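Letter by letter, the chains look like this.
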Amino acid sequence: MSKIFPLIIILIITFMTNSFSLTGEEILAKMDKHRDYKTITYTGIMSIYVKDKVRIKNLKSEALGGDETKAIVEFTNPEDEGTKFLMLGKNLWIYFPEEEDVVKISGHMLKEGMMGSDVSYEDALESDALSEKYKITLTGEEKFNDRQCYVITLDAKVKKVPYYKRRMWVDKETFVALKEEMYAKSGKLLKVSNVLETKEIGGRKFAVKVEMVNKLRKNSKTVFEMIDVVFDKPMDEEKFSMRYLRR
Amino acid sequence: MKTLIAIAFRNLMRHKRRTILTGIIISVGLWLYIFMDSVMAGLDRGSIDNMINLTTSAIKIHTEKYDDEKESFPLKYGLQNVDELTLWLKNDNRVSAVAPRTQFIGELSNYEESIPVIGSVVDPVSDKEVFTLTEYLDGNYFSSESTREIILGKELAKDLNVTHGDFITLYALTKYESRNADDFKIVGTFNTTDPNLNKNGVFISFTAANQFLDLENTVTEINVQLKHRINFNDLLADMKEVRASFSSQYPHLVTYTFAELGAGILELVRQKKIWGVFMTLVLLLIAAVGIVNSVLMSVYERIREVGVLRAMGFEGSEIMKMFIFEGAMIGFLGSLVGILLGIATVVVLTTYGYPLEKIYGDMYVDTSGFPMWGTIYGEWNIPLIIGSFLFGLITSILASIPPAKKAAQMEVTQAIRFI
Numbered sequence: 001m002s003k004i005f006p007l008i009i010i011l012i013i014t015f016m017t018n019s020f021s022l023t024g025e026e027i028l029a030k031m032d033k034h035r036d037y038k039t040i041t042y043t044g045i046m047s048i049y050v051k052d053k054v055r056i057k058n059l060k061s062e063a064l065g066g067d068e069t070k071a072i073v074e075f076t077n078p079e080d081e082g083t084k085f086l087m088l089g090k091n092l093w094i095y096f097p098e099e100e101d102v103v104k105i106s107g108h109m110l111k112e113g114m115m116g117s118d119v120s121y122e123d124a125l126e127s128d129a130l131s132e133k134y135k136i137t138l139t140g141e142e143k144f145n146d147r148q149c150y151v152i153t154l155d156a157k158v159k160k161v162p163y164y165k166r167r168m169w170v171d172k173e174t175f176v177a178l179k180e181e182m183y184a185k186s187g188k189l190l191k192v193s194n195v196l197e198t199k200e201i202g203g204r205k206f207a208v209k210v211e212m213v214n215k216l217r218k219n220s221k222t223v224f225e226m227i228d229v230v231f232d233k234p235m236d237e238e239k240f241s242m243r244y245l246r247r
Numbered sequence: 248m249k250t251l252i253a254i255a256f257r258n259l260m261r262h263k264r265r266t267i268l269t270g271i272i273i274s275v276g277l278w279l280y281i282f283m284d285s286v287m288a289g290l291d292r293g294s295i296d297n298m299i300n301l302t303t304s305a306i307k308i309h310t311e312k313y314d315d316e317k318e319s320f321p322l323k324y325g326l327q328n329v330d331e332l333t334l335w336l337k338n339d340n341r342v343s344a345v346a347p348r349t350q351f352i353g354e355l356s357n358y359e360e361s362i363p364v365i366g367s368v369v370d371p372v373s374d375k376e377v378f379t380l381t382e383y384l385d386g387n388y389f390s391s392e393s394t395r396e397i398i399l400g401k402e403l404a405k406d407l408n409v410t411h412g413d414f415i416t417l418y419a420l421t422k423y424e425s426r427n428a429d430d431f432k433i434v435g436t437f438n439t440t441d442p443n444l445n446k447n448g449v450f451i452s453f454t455a456a457n458q459f460l461d462l463e464n465t466v467t468e469i470n471v472q473l474k475h476r477i478n479f480n481d482l483l484a485d486m487k488e489v490r491a492s493f494s495s496q497y498p499h500l501v502t503y504t505f506a507e508l509g510a511g512i513l514e515l516v517r518q519k520k521i522w523g524v525f526m527t528l529v530l531l532l533i534a535a536v537g538i539v540n541s542v543l544m545s546v547y548e549r550i551r552e553v554g555v556l557r558a559m560g561f562e563g564s565e566i567m568k569m570f571i572f573e574g575a576m577i578g579f580l581g582s583l584v585g586i587l588l589g590i591a592t593v594v595v596l597t598t599y600g601y602p603l604e605k606i607y608g609d610m611y612v613d614t615s616g617f618p619m620w621g622t623i624y625g626e627w628n629i630p631l632i633i634g635s636f637l638f639g640l641i642t643s644i645l646a647s648i649p650p651a652k653k654a655a656q657m658e659v660t661q662a663i664r665f666i
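As they're listed, the protein sequences go chains A and B. Just so you know, we're using our numbering here: the first sequence kicks off at 1 and counts up by one. Just so you know, we're using our numbering here: the second sequence kicks off at 248 and counts up by one.
Excised from the complex, chain B in its bound form (with noise of 0.2 Å):
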């Protein structure tokens, strides 16, 4: 056995052009993989962050009442005792930030046209916190006294022709639906990654509200951020224990999850992950027919040599076993030498990212919530990288298999005639 693996490495390094182009195709294809794992799953990530970090939170809750009329955002329904809620969540240890918003529905209008609007009443502080809003700003947040300010998205704003420093006419209905109409300051723009937040949702503070809403500080949701996972499941799991502890504390609150915030969201991931099975398995057929035809052509190469081997004695199960072992060991360095490329690339990518406008540049792609500027990370799939390495290894020896098998079965005089 010593001796066919050592003849079949000296036939490997005899041939050292051949083996390092057979190993590059193995090495290549592996490392692609990986990579575009890492990036395709990085995007999904990314693009439930950005989800839960602008619009949804972790957990959201409501009032029954306001539940069962969420779609008009009706301000009547306020949660009682917000601080005590507050205080309930912050205590749990898988919570890193809770605060309060209001929705309304409003327009604003520029006395040209008006454009509907769905506003957020915040309270500047604790929501920077939760929210990631004052990363994609252009200008200011509010300020301490923000009676009359006002920030929008950058698409709405480019409707309406204002910008910074503008003033633009709030337009809403009261806690009581009574009319109201009133100037607001813009202090600022926001680009984020979500399209319908740019093109049509707004932001006051809880104090500009109190006056313009006759809001009374009514607080219709609470948002709650949990601290951040590696793996998208563990964070799952902690929002559905948070949810579970909290509705047994206050069962009469409606909590809702990501799961079911974003469920939309989460069915397209689970959509496009199941389409990736399937161009996984295209893009390995390809992947195992390039391997087979780097090994076949390595062993028709040498079929002569086979029947020199064979007329010096060697058995046919013995030429069978010392290609076998050509095409492991090639197999093996292939992919050892992909999956560490792989691994390399995912450690930059998880490290540093990759700068989605670097590549769109200012281009605006409406992709209904999926982001496609800012900086995305790579993910790690640990059974993706050990899994490659062994399609490259088993597909190496399963390729090696049938021309080794047609070496040993030749004849000795038509073997050294093979052209």
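Bound conformation, chain A alone (with noise of 0.2 Å):
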């Protein structure tokens, strides 16, 4: 009896610690969670870093969640103005008003930086379920700008997969990734995202400044940040439209 005490006792740990910690993909369920909204509407700052020279671009941005996310977004720096981009699930259209025209954004285009940023079009788009594509493994966790996160890998379970290999580092509090570090076939490092700020918006916690590191190229970042973002205001869905895009 003396014996066999202390294993059920072990055994009774081992079962509460399993039922209490998530797995990976748990985490990322809880993470989509959070970021779940019906529409989303901002105004964002996009600050592209290259060697010592940085670019603003200013945009205007409305967005209606759910299955297949459909976004209008408008450029309103003077180089840019008047540029938009319609996004309707995983395809893109921008107009350019100088030429009066409208280019479908696909294939190797998609891979290309959004408006000379560090950020591509397809990372801008990536609406797919992560877990379809990669094994999602909860690998640790560790500490990241003071706050406890969970550790998260994917690996690419096919091989069209935009990264081969992901780390996340997900608040164990709010759930929001406070940094990700996404990975070439080879294994090397390309891009790095952090969170900068996050705010309390509608009841939740939302990252409002993120940078996109490029890690092959020096001193070349990208800083994105949203303002004034309002959540589940109601809508026009005629603005997703190509007839709204050339207007």
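Hints should not be assumed to be uniformly reliable.
Residues of chain B placed beyond 10 Å of chain A at every Cβ, according to the derived structure [what the hints assert, rightly or not]:
1. W278
2. V372
3. L384
4. D385
5. L515
6. G523
7. M544
8. I550
9. Y601
10. K652
Below, computed lysine to any residue pairings styled on SDA-like, alpha-carbon distance capped at 25 Å [to be verified]:
11. A:K133 to B:Y324
12. A:K179 to B:E360
13. B:K312 to A:V158
Read the hints as simulated data drawn from the structure, not as lab findings. All values derive from a computational prediction rather than experimental measurement. Here a beta-carbon is modelled for each residue, glycine too, at the ideal position from N, C-alpha and C.
With the hints as a guide, bring both chains together as one complex.
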């Protein structure tokens, strides 16, 4: 009896520990839930740092959440004024006001940096369920920026993935991914995104300032800041159409 | 008639200096013309050959889907049965070699900066038979186990501050459009006649690409080289025939000949030829003025002789014929010497060529595809040589008519007193 009792205690503790800890997929699901919205509107500032130069782009964005994201983005800085993006699911069109022409961004172009930034169109459009393409593993817990985080690793299950491997540092409390590393097939680190600021909006923590660092170029990064973020404001679906894009 | 020819000949011999001088003017004019034509035609052919031998090949074959999206070099639309297609092409006796290539878009990074590049995946053995990249190579070509070796343009290497033996990071999308970046050892650099290739061209082997790009031996283009033809139009005709015969066998594949691939350079050459004709006309006019002037001088110097001949009973028409014979003889001899010099020069140019690097040295000239270094060979233009001879002869005859006419119409007393 004296030998069996501690064993039972250990088994109970092990069972309880396992039942309370989350799996990688569960963490990802919670992240998605925290990011979920019906609609979102915001004003964005994109600062593109290349060497010692910085280019600022201002934009206004409205988006519908759900299974298929719909978004319309209009640039307001003088150089790009009137340039608009229309995203419908995984499709993207750009309207160029000077040429009065709409160009569909597809194939290889989706991998290019959006408006010369370090964020690719594909990064911005990513809406696939990550669990379908990646094997998600909780690989540890670490402190990042004084926040206790889950560290989850995503390893590609299929060949058609933007990055072969990703590592995310997810805030244990808010389920915001505070840092993400994106790796090439070879294992080389390609990009790192860091959340620089989060805000409480509509009862949830939301990343409002994020930097994306290109690891293949020195001093190359893009900082994206969202201001005046409003969730779940009623929105006219008509906006997300080619007709509106050309207007 | 014989007497007149004899007198005309004796007159030429009497005024040896003047005859030689006039002859030299005609000879030098025609020689320079033949020489320049050969050089210019050689430069054009050199540009075309360089383009065929370095980038386009004579015929290129893709799939239809690849062709629709060829600007983005999609890796997913590879050719099926590459070996069968290669064998079929090699059976055509106009074909000299066939090589597969797969192009891709990437970036080359030294972690300070990254530069966009157009990569070519090559089969090191067959590629050498179709393309002449190795002739411009400094360093080594791919080794037999070229898993992580890269060859790049000298300008690109200079921009990234790297050289042979250094490692550089190549970034590209795999066949499955997943991002990949890996370190490659620079085994060689090239400085070709194509500035664009030097600035943004990189080459890796299929062995390396199968790993790096998940390529699975995908070949997106087959490049065909044809046997050399002296006349470029014959080469174009061969291309057309080989393409027609290939397309009838494999109608689902898209084939391009150099006529389409090099349409830009061919149009440039055509435009140059139009300007060349215009320039030639101007040059010939100047040459004609020179010839007219020389013949005129020789006639006016001898007006007093005309008076004496008239006094001796020569008819005006006979005197006119005599001067025309003199003009024709000078024209014949001058033109003959001119074209012989021209032919000798073209023999040297077509046999030994002329090295452009000796003219331009190490100077970098962006000529947008036109070679400014390498050895350029002259071109034969037989119709032009015959035409030049006839031009020299006819111009000399025509040039002697007006002064001969004037001399023939002169009064005896007036001619004798002519100063």
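| field | Given as non-interface: B:D385, partner chain A, CB spacing beyond 10 Å | value | holds, 26 Å
| message | Quick check for students: does the CB of B:Y601 sit more than 10 Å from each CB in chain A? | response | At about 43 Å from chain A, B:Y601 clears the 10 Å cut-off, so the statement holds.
| message | According to the definition I'm using, a residue is off the interface if its beta carbon is farther than 10 Å from all beta carbons of the partner; does B:L515 meet that for chain A? | response | The assertion about B:L515 holds, with a minimum of 28 Å to chain A.
| field | Beyond 10 Å from every chain A Cβ - status for B:I550 | value | Holds: least Cβ distance 75 Å, greater than 10 Å.
| query | Regarding the pair B:K312 and A:V158, is the alpha-carbon distance no greater than 25 Å? | reply | holds, 24 Å
| field | Non-interface label on B:L384, tested against every C-beta of chain A at 10 Å | value | Label holds. Min Cβ-Cβ 27 Å, cutoff 10 Å.
| field | Check on B:V372 being off the interface with chain A, judged by Cβ distance over 10 Å | value | Given that every Cβ of chain A is farther than 10 Å from that of B:V372, nearest at about 26 Å, it holds.
| request: Examine each Cβ of chain A, and state whether all of them lie more than 10 Å from the Cβ of B:G523. | output: The assertion about B:G523 holds, with a minimum of 38 Å to chain A.
| query | Keeping to a limit of 25 Å between CA atoms, is the pair of A:K179 and B:E360 held or broken? | reply | holds, 24 Å
| message | Need the status of pair A:K133, B:Y324: alpha-carbon distance at most 25 Å? | response | holds, 23 Å
| message | So B:M544 supposedly isn't at the interface. Is its beta-carbon more than 10 Å from every beta-carbon in chain A? | response | holds, 66 Å
| query | Does B:W278 really sit off the interface, with its C-beta more than 10 Å from all C-beta atoms of chain A? | reply | Correct as stated: the minimum Cβ-Cβ distance to chain A is 55 Å, above 10 Å.
In this structure, none of the earlier numbered hints is contradicted; all agree with it.
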